[in-house]
Structures are given as C-alpha cells and as structure tokens.
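K.L.:
Chains as they are written, first to last, in numbering that gives the first Met the number 0: chain H, 0 to 164; chain U, 0 to 289; chain S, 0 to 618; chain Z, 0 to 373.
What the hints contain is simulated information worked out from the structure, not anything from laboratory work.
Every residue gets a Cβ at the ideal spot worked out from N, C-alpha and C, and that includes glycine.
Listed next, the in silico EDC-like pairs over lysine to aspartate or glutamate satisfying Cα-Cα at most 20 Å (straight line):
1) Lys605(S) <-> Glu588(S)
2) Lys41(H) <-> Glu289(Z)
3) Lys251(U) <-> Glu215(U)
4) Lys33(U) <-> Glu1(U)
5) Lys153(H) <-> Glu37(U)
6) Lys153(H) <-> Glu51(U)
7) Lys605(S) <-> Glu70(Z)
8) Lys605(S) <-> Glu229(Z)
9) Lys158(Z) <-> Asp83(H)
Across the chosen pairs, the derived CB separations fall in these ranges:
10) Gly138(S) <-> Val102(Z): 48 to 56 Å
11) Glu171(S) <-> Val102(Z): 54 to 62 Å
12) Arg111(U) <-> Pro186(Z): 53 to 61 Å
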Amino acid sequence: MRLNDCDPSFKHEIARQPGGEGIKTCFACAACTARCPVGSLKPEYDPRRLLRLAILGRREEVLSSPLIWLCCSCQNCSEVCPQDVRCTDVLTAIKNLAAAAGYAPPSGQAMARQLAAHGRLLEVGEFENDKRAELGLPPVSEQPGDYQALLGLKPEAPRPAGEGA
Amino acid sequence: MEALLFLGCTVPVRNLNYELSARKVAAHLGVELKDMAELGCCGYPLKAFDQETALLLAARALAQAGSTGLTVVPLCSSCAGTLNEAAHHLDHDPETRARVQDKLRPLGLEYRPGVRVRHLARYLLEEVGLKAIAQKITRPLNEFTFAPHYGCHLLKPSRVMVGFDDPEAPTSLARLIEVTGAQALDYRYLKECCGGGVLGADEDLAGRMAGRKLMELTQAAVTAMVVICPFCNVMFEGQQKTIAKKLGSEIKVPVVYLTQILGLAMGLSPDELGFRLNRVKPKELLAAFK
Amino acid sequence: MPRPTLCWVAAPGLEGLEPPALAMAAGLDLDQGGALEAAVVTVPEVQAPDKLRARLLGRPVQWLDLAAELGGGGEGHRGQRAAAALSRAAGRASLGTLPPLYSPQPNQRVLVAGQGLAALAAARQAALLGHPVLWALSGDDPAAAGAGEDASQVAGLAAGLPEGIELAPQTELTNLTGAGGSFTAWLKGPQGTARQRFGAVALAPGGAYRAEPAPPGLAPDLSRPLSACQPASLASAQGWRQVAILAGVGQPATAQGFARALATAYALQAQPGVQVTLLFREALVAAPQGERLYRQARQAGVLMARLGDGEPRLADQGRTLVWQDQVLAEDLELAPDVVFLCEETGAPWPGFLDNNLLWPARSRLLPEHARLDGGRTARAGFYVLGALRGTPAGEDRLAEAAAAVHDLHDLLGGGAAPLPAVRTLTCARCLTCVRVCPHGVPEHVEDHIQPAPAACLACGICAAECPAHAIAPPGWSTAELMEGLACGLAAAPAPAMVLMACGQSAMPAFAELSRSGHVWPAGLLVLPLKCAGRVGLELILRVLSLGAEGVLVAGCHEGMCRSVTGNLRARLATGQAAGTLSDLGLGPEAVSFLHMANNQPQALAKAVEAMYARLGAVE
Amino acid sequence: MHNRGPRRVGGCLEEIIFLSALDKPVLIIGGGVAGLAAALELDRRGLASLVVEKGPNLGGQARGFCCKALEVCARCGACRVGDLLQQAAQRPALGALTQALAVAAQRQGAGWEVTLIPQEGPKPTSPALALERPLGERLLVQTGAVILAVGHQVFDARKKSRLGYGRVPGVMTAGELEETLAKGGLPGQARRLAFVQCVGSRDQALGRLYCSRVCCGFALRLARLARYLEPGSEVTFFHMDVQDYGQAWRAELAEMRAGMRFIRAIPGEVRPGAGGPLAVFAGPDGQPQEEEFDLVVLATGLEPPVAAPALSEMFGLTPGAEGFLTGGQGVLVAGSAGGPRSIAESIESAAQAAASAAEHLVSGQAPSPEVAHA
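Excised from the complex, chain H in its bound form (with noise of 0.2 Å):
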C-alpha cells in the first residue's frame, strides 16, 4: 500500500468525532488486542489493526470493512490502553462515520423507526400491559413524541437516519 495515496485528513476527521480523540495517539502496544473477546474467537478480528489501518488514512477500506461491526463495545481495550486511547469508543466514532457514509448494516435505521414510532426498541401493546397486568406489575406507555422531534423522524413516513434535519 502506497502512503501517497491515503488519506491524511482520516484520522484527524476520526479524531473530531466524539470518543475518537484518542486514535491519533496509539503507540501499538497492542494491550487492547490481548485483551479482545471477539479477537479470540475471530482470527481477522484485531482492534489494533483497525486502529493502525485508520491512522495510515487508509479510509476506504476501514469505513466499508464488515469488522468494524463486530466491536463488541465490552470496553476491555478502552481500561487497558495505557494511552487512553479510548479504543471502543474510536471504533464507535468510525461505525458513525461509517454509517453516514451509508455503510451501516440496515438494522440502525429500522431501529430508528421504531424508535420515533413507539419511543422504545419494543412496542409496548395492550397485549403486553396484560401480561404484565396478570402478575401485577404497573402498566407501560409509550411516549414516542420527543423522540420524533430528538430523531428528526416522523413515523407515518420513516427517514433513515442522517437524511433528515
């Protein structure tokens, strides 16, 4: 791979997201892929290398890469850098960018969907306050306004997110 023909400006754009801060200052020790769950079981899957492959500007290829997703966000690598460098919530800040760039895997938007539409992941219907009714637990309401408006989202014609506003 040709340095010339990377992207310079990646990590800085990295580094302006919130939590992603820290990339620019790992030194590759390394301590968070020792300490990877997902590493262990997954042989393509190493922290440090996303990082090193973010730094080298290298933006393409980190932005559409499926391991991205795979951070499990156990912040195992975050307690153990001895740089701070705050390594899940790096690669949380490269999921985003990823996602404005229309890489996300479609899930995010449905869940934004639901969440202008019902204010929560799961609908809350009478079939479920009946449920909870039988073993005497309180009723739960959906207040799926503010979340409208927070989203940007109107739930008789759902937008993905990053669209709207």
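Starting from the structure of chain H, add chains U, S and Z where the hints point.
P.N.:
Just chains U, S and Z, lined up with the frame of chain H:
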C-alpha cells in the same frame, strides 16, 4: 428510601421475571422504586450509527429523571452504562452540554448536571448495603453455587464508574451472591462479554462468545448463572439451545437474575419471583423451594 | 628494628577481647603511655582519637580495622583470629617503614580544551575552586554553544565568568603527556605552538551534528540532514507534502537524537498540507520530556513507522521507501518529497590519543565503566567531557563537569594521592611500570622513573610487575607484605589460608560480614589490598611458601576494576600459580580467584568456606 | 557536633546547631545514593555538610540492589552505593543523622533554618557506620543551603490490577526479584520467566507520561542474571521499546536478544494458571495468546518521592515536571528526587547540586550565627 426505576425497552416486555423480582426485593428492603411513564429508550441502540442522536436520547431520559431528584436505577446494564456515560460526558463537557440543551429546550426539557445513575446491583451494594440485605435473609442458600456474570457495562468504563468495583478483579456480584449464603464461583471466563453486542452483526460469533462461558459452566458444578442484564440473558438463556446446537455440545446452564435469588433468600416464593418465566429452569434450586 | 606497641582503641565488635592477652600472643607491648617506636592500632586511622593520632605522627604505624577482620564466634575463636591479625600487623610495623618524604607539589593549573557548555562549566567551576585555568577555545567566543546545546543557557553561564580564567582563543591541544599533577600540554594558537604544564586537563569539545547515514541507494537529491529543515515553514514554501524522517533506522538513534527528530516532525506536521512519516526501530523516549514529545507528535498526526530488522528497502530509482508495517504485517510504500536524516551530536577524538606509547587504547582510557563516571578516565587528572563522551546536552553536561572538577580539586589538593616509592639504585629502567600503570603515574624523565604527584591510586600493579622489586606504593612492598604475613601465619591455627582482598570489592564485603557477626574459619588470615592488581604470581607462591595452605584472591568483576586491569592481572597470576602447583605435583586447588562486588558478601563467604572445607579435607 | 547551644523556642528548650557558621554549611535531606554523593562532593570541595536520613541506615533504596554481573560487570552501578558508604566512612568530616525527619523550614537571609524531629521506625538492618548517628531530640539546623536528595518511590503495581500483582501467585516486581537474587537465586523452581516493562511508566491513563529510563536496563540485566543463576531458564521480555544505554549496551543487547524471547507487546492480563501465572498477550499474528510462566516480573516505574509535595511547600518550590522536585534559591535537588535517574546519573547530579550549593554559599552570603541569634 426512594429511587427512580428505569425499565428501558427490553425488561418490561421480555424479562418480566427480572422486573417482578427486582420490585419485590426492593420493596422487601424498604426501597420504593418509583415509576415514570415518560421514560423510554436510553439511546444505546443508536450509538453505533449516530452517537450524537444516541446522546440526545440519553440526555432526554436524564433530564426527565433528573427532575425527580432521585437516583435513577436501571435494571439493564446497557441502559446503566449508556446513562452513566452520558451523564459523565454532559457533566464534564460544557460545550456538548450546551449543544444538547439547545435540542432539549423545544421539548420543554433541561438537563441539570449531577444526575445519579446506579444499576440496581450497584444500588443494592452501595446504597442499601450488604448489612441491610443480610438482615433480611431468612432462608440462606448455603447449599448452592452460583456463577456470577458481570457483563461489561456494570463495571466499565471504570473512568465513568468511578469508585465502584475493579473490572479486572470484580467482587461486587460475588458479594451480593454470598450474602445469601451461597457460593460464588470464580471461573476462567468470569469477566468475559456475553456477545450480545454483536448478535446483530454476527450471530455465529455472538453465539461462540456466550458459548464458551456456557460450556465452561456446564462442566462446573453450578446451580445457575446469575445475570443482571436482559441482553446478557438473551445470550445465555434465550440463545442457549441454539448455541448448543451450533456448537454441537451438551449445554445446560440454568440462568437466574440476581434479584431472583436474593428474593428466595429473603423468603419470597419462586412464584412471586417469576421463576415460571425462566426458560432454562434451575431445577435443583426450585426443588428446594417446593 | 623498632619494637611495635599495641594501641588498643575500643570499638564496636571488639567487645570481650582482652588486650593484654592479645598483646602477649601477638608479641607486642601493650601501650602503657610510654614512648612509642612503632605502633599497631586496632582501628582505621580516621576513627582514631585526635590525641592518639597526634602522638603517633611521624612514627611507623599499622592501622588495622580489627573489628572488620574478626567476625563472630566464641571468645576463644575470636581471640585466636585477633592474635593472628595483630601478629600480621606487628610484623609489618616492626619493619618501621615510613611513607616516602619525596612529595613534589602538584601543579594547580587546569587546562580546559574545547568550547560549549561542558568546557564553560568546567572552566567556571575550576576557577571558583581557586585553580588558575587556561581555557583553550577552538574559536573566539567563550559564549559559543556546541551542537544541540541551549544557546541561552550557555550565554547565561558565560555572562558571569569568574576571575582566574585565562582565555586562549583559536587554540588547539595538539599533544599531551603526563598524569595528575604533572601534565605537559602542547598548545597550538595563532602565535604558534607552546608547551605548558598543568595539574589537570579537561577535554571538552563543543561537538557538532553528524547525520545518520542515508540508506544506500536513496536518491541523493531527496536526503538532507535534519538541521536543514529549519525553519519548519520551509516545508510549505517548498511545496512538500510527504516528508520522511529517518530517526535511527540503520542503528538505533540516541534518546537525544530521537527527541530532536520528534520535535522536528511535530513542527513540520503543523505546516499546512504536510504529512510527516517518522521511521525508526525503537522509540527512544528516555530523554527529558521524551515521552511527551512522542505523544505530542502522534497527536499532531505524524505517522509513526516502526521498522523491523533492517533498513527500509528502496524502489523506483531510490525515490520510494518500502518497509513492512509491524502491525499490519504488509508492505508500506512511501514516495517522499524529501527525506530528513536524524542527527546525533559528537566530536572527533584528538589525534594525540592515537599515540599508543603514551596513551593506552581509547577503550582502556575511557571504558564504559561504572566507576569512571563524571568525566573521569583511567588516567587520573585527565577528564573527557560533553559531546566527546556522548553526554547529553543540558543538565547532564553540567553535572558531569561539576563532578570532574570536584575530582581534580581533590586530586590536586594533595590529600588523596600516595606516591609510589621508586628505588633508583635497583631500578633497571626497563619501563615495565610505565607500560603497566593504568593511571599513567610513572614517567621516564632524564634517565629515571618519576611518578606524577597526584595520580597514583596505590593499586600496586607496578609493584607486582616490577622485575627488579624497585617500585612499590608506600607500605606495599613485597618485603613488608611478606614480613606481615609470616608473623600472621605463624600465629594462625592450621590449616591456615590467606584471603587477598581487593579494597573495592572483597574487603568491604568481608568487613560487612564480620561486623554482622559472620564466623570465619579460625585459620583465615586477611590481607587487605587497595586493588587485587597488587597480587602477582610471585606474591602467591611466596605466601604458600610461608606455610599458607590456601590462597584465595578476591577482586572486582571484569570491567569494574578501578585500575582497569588489576583484577585481570590478579586472575592471571592465580591461574599461573595453579599451573605451577600442578607442575610441581601439588594440588592446584590451593589457589583460586573470585570475581565479586562489594555488595556480594555471600559469594565471598561461600568461596572462603568452600576452600577451607577443601583444605580441611586434605588435612 | 560543634557550635551548639540551647535556646528557647515557643516555650520548649530546643537544641540549635549553627551549620552555617563554620562546620556544616550545607544540609542534605536524604541519605541515599544522591545524598551521600552530595556530601562527598562537598567534602571534596572542602565544605562540610550534614546528611539527614529518615530511615535507620544510609544508602537508600539502592543498598538492597544486587550485583548483576555474571563474571563481567554489567555496569548496573549497584555496588557504587558500597563505594559511597566506604568513602563516606573514610571522611571524618562527614556527619549523618539517621531516623531524622525534616518537618519545617524557614528562610533566614540567604539560608534556611530547618526543624528536624526524630522518626520512629525499624531498627538498622546492618551494623551502623561510624558516621551514622540517630537523632535523639528535636533539632533546629541553620544552614546556608539545602540539598534535597529524597529519592523516588516505586510505582505500586497494585494500581495496575490487570497484571495481577498482589493477587496472582507468581507475580512479583522487579525490585522483589532483585532482593531474591541478592540472596543468591531464583525463587523455587522458576524456569519460565516473563518480564513486563513499562508498569507505571509511559502511561497516560495513569498520568505517568514519562519513561522511567532505568527499567529496560535494570530488567534485562536481572533477566540475564536469572538465566545465569538458573541455566535452564527461559526468559520472555514483553516490552514496547528497549531504551538505549550507550555503545557497550548495544553489543550486550544484541546478545540478550539472541538468548531471550523479545515480544513487542504489553500483556493485557496476568491471571492464575494451572501451574503458574498466565499471561494474555497479542501474538505476532494479532491474536490474543495465552502462555503460562513460573514467574511474571513487573518492571515498575519510578515515581516522584512521597515527600515531594510537603518539601515543595516547606521550601516554597514550584512543583516540577511530572511531580518531581525542582530547586529554588539555596535549595538544590540531587538524584532521582528530580526525575528518574540511574545510580551513576544520581551521583553526577549530586556533584552539580554540590557545586550549585557552594556557589550559593558564596553569592548568597549565608547568615552568620550572630544574625541567627538576633
């Protein structure tokens, strides 16, 4: 003692045994868990896609909850983690706070710094205290051994969960298990993640993450695994059969909620604690309470 | 022959011993306040009461740290050991040797040759301590800083030069002979070459930058030394987009060189449109602020490219660097607009040090030696400072210069240095002493050997090697040692063995063990030496001939001898002695050598016990 | 002690020594390597000093260090402590008060008046030297200059919980291994050794963003010594970068690289294994890997001395970089109290402190005893 219950999305729909036992145990300990209808999603599901929006949703919940002045007590580790992180972020970063306030204002909401969020397990340990719990124990569970599953977001990131347990050598759940008289198992994969976070992206991987814990515990003489999070529960209980099939091995690990065994030890009946809804039944445990 | 008297000074560790009985056993008179011909005193000189010291002034005295030689055990056992030790001292005292009276005054002048922080600090400190200083500057300006030095720090120091410094601008040290207290320097200045005498010499060139060699094959127009990128804004002006900096790729840089590369990388990266890639093998961050610079550079966006073994390969007619990324395990390529080569500071060694006749090889003169710090060299009174020694610029150079000046002040003060006695009548002028002395003490002047007045450490190497027995540091002639040991061995119970203990390693360890109550074998006699180098083949064989059944020589670890080769010579002599014993059909195990340090008392105890057990088994 | 006389301070009788008058113009706080070296360097300049040590023995932390030579000196400098003690004992002008703590300081003209109190503590571990004297009573010392040589403290490895120190059997600090080796051998049947570098150094998360400088050399020499003492043992060296210690070191390092396994990765965790501590680290393929050792040795970094904040306040000093001490008017810092330093570097820095103190005595015109009385 009063606290504000934060149910989140999953617990009130899918994990009624958790909610039931949590409410019962809290009441038994003299903690009044208040409900608030306006509380919805904590924002966690959107974090990977758009964390700014996720933060807004968390800030909304914190603003709502904050108006009560009570400690917010989520039952779900993801909710607890998200709300704690959001509160930490908002309290320490005035710029973000201002930006978020601008978005909340049209909704008639305002985030006031200093909202206290404590996962139920932490709340029980720190605010209620082991001593108070021990006083309520009437039926010690001496003959049982439980494997605690801490999960990730109860303890981490430790810079946010300041002053709580050491994520590298956690003891909080073990102490809550041992207060019932039962043994807490220390096992190899004790600290590992359930895999729930990647269930959507790679079901096979998530299954293997949960599977290695389940397989280890199948070998160990353990009454049940103790969880404190509905997502972890999905992996260990909900997916247990699927995982066993996929990995081609015998897996049989009963999964219970912390509050269920605390309730048993306090003399509540399995029915009151929703054991009917447990899918992998802790038969050995229930037999003792017939 | 004077009859020695025992002056018993009570000290911790001597409790329970009865001086009258010991005096009798050792053949000494007990001091009853009468006149003294010669004396054996049971404590070291520094611990003796002032009155006693005054009374003994000018008389032959054997100062004996008896407590340090005794060790623990029952009273009878300790009495036996004490009697043997006192007998040994009495034997030497009875010879009545006094230190030689010949003692020329060391020259107090100090020559500082060089320029920059180290030279300035050395000249200042020496002048403040009252030494007349000649500062031979390579240029004209005493405030000129060397490469890598903080110009304002140097200027600040130069602003308040104390009195007593004579400046010799544009002057070079072209030749040097002699040692502490008596150096002769040839100085070449604008008025020609002059020869002058000095007591001490500090060599402290300011130093210059040397760029790391470019990887062979790199397009020549691409590479520049690091200093050529000042100011950093040059990068924008030149339209550079991709800048590579090599910071220790052939061989690792130093921490100072690396820190400088980091600072430059940081400044360049801040220029709009510039991407800096820093290539290195190890991130050397031990310099002050090094780790902060490293992080700061990463934070600014400098790409850190760590190399595995070997230099980067070159492609595209030397215009593209290729290396394997350590994390990705795949090749990365970079076609830089410019390649900066990391620079280290250094200075060339002056030519006169190549004269092997007068100066030992450089590695002998300035070995990496834990005892030769603070600018010291093996040649007492000659100091190497700053860039020439590789000392980092800044506080470290000041510290080094301060330490060097304290050392020379001490040397020239005359208190510390004894003088070897040379018996001119028996001296064969074979120059063995000139050749073997690690400190350059003996000089051949007008057909006789003349020791430099402030350079001798009394290691005794010359005495051990002199074939004519013509030279010995005071109190350490073979005759003296033998007389003492003969008396000591006569008083020691069999089997008797002698420990020849180096004063830098074995003796302090032995003393520490003794004071903490270690029980030594009854027949063990200690011969405290300044340096194991005093031990030669002849000495060992003579001691065996006196009736000792074993000889253990204990000296410093290799590379730690204060006199550079004393321990190796002693080890060689021990091996030769063992060979001789074998040849005679005797057991070679009667002699052995132990490498040790002063903080390894257990090793010494083990070696003594092992040898004693062997001797006992032979009995 | 010369030139002393009782005087009344705040209602209680205190003893006062006029160090500034004649015999002891410089007070040295700390009797470790740097403190002793400073006293010796002052003595070589003809200046007297008084060393104040809070512990029962002179020599400091380095006194417990072991010689790391095989047959050839490793240039670790540990025996320099012995040299210093020996030289100090041979210089009768030197004085040292042990088990004495400086608790207050007041500026007096260009000098200082320092209050010392006796410090309760353990008994001396080795026989006292001629110059060591325990402080019996509260003491006021007037002095022209003060040298702070209080050394450093070692990072508490418990703060890096993931490396298992204090809870996983078989995990020890390099300092503890040093003590064990000083007694002559490896603990138990240790054959598989792992060294973990930068524990408490180069760590932004801990607020220790500096390299402790000495640990690479220290740990590798210990490792080599361990291999020498137990010829069958294998060493794995987990590190980030090996720091440079000069020309001879580079040659030695090449040899050590050949004889030991160097892994450029910091383990993520050390936990109990079946037969010893288990290190979890990234393998060369970027995969988590586990390996069992008999002994995991943590190279703990150097931290600012515990007393740094108190001393800074006493003498009105601005805290230096990373929390180490910096000097001020008539207050000089020597040794690792001013930043991570090796034994040799501490000795050299003591020379500089002594030189600066001497200059201060001349330029600062230390107070005369008459002034002190008034």
